[in-house]
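There are 2 protein chains.
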Amino acid sequence: MKFATLRDGSLDGRLIVVSRDLRQAVALPAVAPTLHDAIRRWEAVAPALGAAYDALNRGRQPDAFAFDPRACAAPLPRSPQWCDASAFLNHGRLMERAFNTPPIPQFDTVPVMYQGASDDFLGPHDDMPLPSEADGIDFEGEFGVVLGAVPMGATPAQALDCVRLVVQINDWSLRALGPHEMKTGFGFLQAKPSTSFAPVAVTPDELGAGWRDGRVALRLHVQWNGERFGEPHGSEMNFSFGELVAHAARTRRLTAGTIVGSGTVSNVARSAGSACIAERRVIEIIDAGAASTGFMRFGDTVRMQARFDDGSEGPFGTIEQRVVRAGAASS
Amino acid sequence: MKFATLRDGSLDGRLIVVSRDLRQAVALPAVAPTLHDAIRRWEAVAPALGAAYDALNRGRQPDAFAFDPRACAAPLPRSPQWCDASAFLNHGRLMERAFNTPPIPQFDTVPVMYQGASDDFLGPHDDMPLPSEADGIDFEGEFGVVLGAVPMGATPAQALDCVRLVVQINDWSLRALGPHEMKTGFGFLQAKPSTSFAPVAVTPDELGAGWRDGRVALRLHVQWNGERFGEPHGSEMNFSFGELVAHAARTRRLTAGTIVGSGTVSNVARSAGSACIAERRVIEIIDAGAASTGFMRFGDTVRMQARFDDGSEGPFGTIEQRVVRAGAASS
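So the sequence lines, in the order shown, correspond to chains W and A.
If you read the first sequence in the numbering used here, its first letter stands for residue 1369, the second for the next number, and so on.
If you read the second sequence in the numbering used here, its first letter stands for residue 1369, the second for the next number, and so on.
Read the hints as simulated data drawn from the structure, not as lab findings.
Because the structure is a prediction, the values reported are computed rather than measured.
One or more hints might be untrue.
Stated by the list, open to error - Beta-carbon label-pair distances, calculated as ranges:
(1) Asn1593/A - Pro1397/W: 50 to 56 Å
(2) Ile1654/W - Arg1465/A: 55 to 61 Å
(3) Asp1581/W - His1548/A: 22 to 28 Å
(4) Pro1519/A - Asn1593/W: 48 to 54 Å
(5) Gln1526/W - Gly1667/A: 23 to 29 Å
Even glycine gets a Cβ: it sits at the ideal position worked out from N, Cα and C.
Required output: the full structure, derived from the provided sequences and hints.
As structure tokens, then:
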């Protein structure tokens, strides 16, 4: 199944079921008015949502309308928790060099994860308002999972069973602020403004062979100002989503709708490019002694789209956002 | 005004207005069904809530009922964001010695703050379920503020104007897990299980002279298993809540209902005792070369109550919680 959320002025928006080809949609307010509600009552509502999805795909939904990603908020405009890992160790090791921070202890064996703000997620075409270019504006292409209720102490296998949906994420980052916040030991706060999401959240079966070993085995194609930036493959994730969710649930329960992210998708092969600017910059430093690529400027755009291994468009739709000065008019 | 939230099986619970003496309460579902709703529509609902509060205090509320703190959830059982600072530098400096972590850069001039989970707050008399005594179970007595919507880039003065309510907090901590999470730079996650709240959230005017310079100038009396542990005074906070909120809003807007905490209340004078075990332990190490106090055991209780300078009971009611093994039956 595929889902999206239309902006309607409410905190949770209005749930729509989206057709497999992302062309048609239908709302089922009597079944589940919001995606958060659907996730909370998943066993009760999944059959009716599945029947509507099938009818939509067969062109037999009388109330269907054209799907418009520009009318979409994030699939969950707010969520109970947003816990983001750094599960591609290739990225993490490069970032240690970029930030000049000490090696993270047990980095190979214990996931690192920060708690992010989850009250104000942005939609796939929302402008990203930020106060200053001097903060080192960067995108981060990621995958994530939306969970049903996870009990405290769940094992990785139990945690993986709690995955309801898979999502594609742009985890905006301010690189000038990150190193100080890491050095405090209290973690990222100012360095992580509103996170953004591709329009469509999908059940894992929609990924076919692209969902394996608790990982999203798709390429994430990233463009900056219309130019190719990279297309790293999600299969190189060093921890599975089951392991990441179990880590998050070690001393707390996760309420239904919690989102856990992979961290920046990153591949060992340089030919794949990168899914964030900071990673490219540190590679430039390693290879050439200095970074030649700057961070984003106001007016810049970033585009992110997952694709299947045959090159066809992935299931999440596309993130396409522009950075704007906070306080300036937003589209 | 004083507010509390009754458990009713919903995510946000049911708002009640509580009398000044904490004896009577009334629900006004037609005005505001939940505290989150009231905070979001504050200007529209405050007059009606204020009129009900006045009538309740004069014994003229026909629908009034006895206030029962044991029926209360946290005033906000979930909130959009929970950002907790370490604004008592005396505590922070002692914790650096306790954790053996490097000095935090710019600790005197830039607040440190972590993003906490805000989906599953506990009420004042809820048992605290945790998986293991070996994690170093500790309480932390704090104050906090509940905010209206704060725009990105708000100044400390603007931020202080966004304070709607003041709350009293028990920020449960797992001390065996904290140092590793600080060393990763990603901040606390497993080390910070569900945060707990005193039953009553109050408008700043309820504190009288106890609300000054953007600080809660009350003593926080803490007892562990019925024995006095400390009563540090909130006036020694090194950053005001205006400064803390402005820090949190530097690169993001804070949606209405966000809670910002002070960090553990701590005084330079040793005679005040402490509001968390870790602080007492490091003082023991400094004074005697070794810690003689252990952390909490299953079955232990902690009690926290703010008091005015004349010794009378503060406005928030009392936190009284018991630590239990996760999975065991809860009261």
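Against the structure, the hints come out as follows:
no. : hint                              : verdict
1   : Asn1593/A - Pro1397/W: 50 to 56 Å : holds (52 Å)
2   : Ile1654/W - Arg1465/A: 55 to 61 Å : violated (37 Å)
3   : Asp1581/W - His1548/A: 22 to 28 Å : holds (26 Å)
4   : Pro1519/A - Asn1593/W: 48 to 54 Å : violated (29 Å)
5   : Gln1526/W - Gly1667/A: 23 to 29 Å : holds (28 Å)
Hints 2, 4, counting from the list given before, are not met by this structure.
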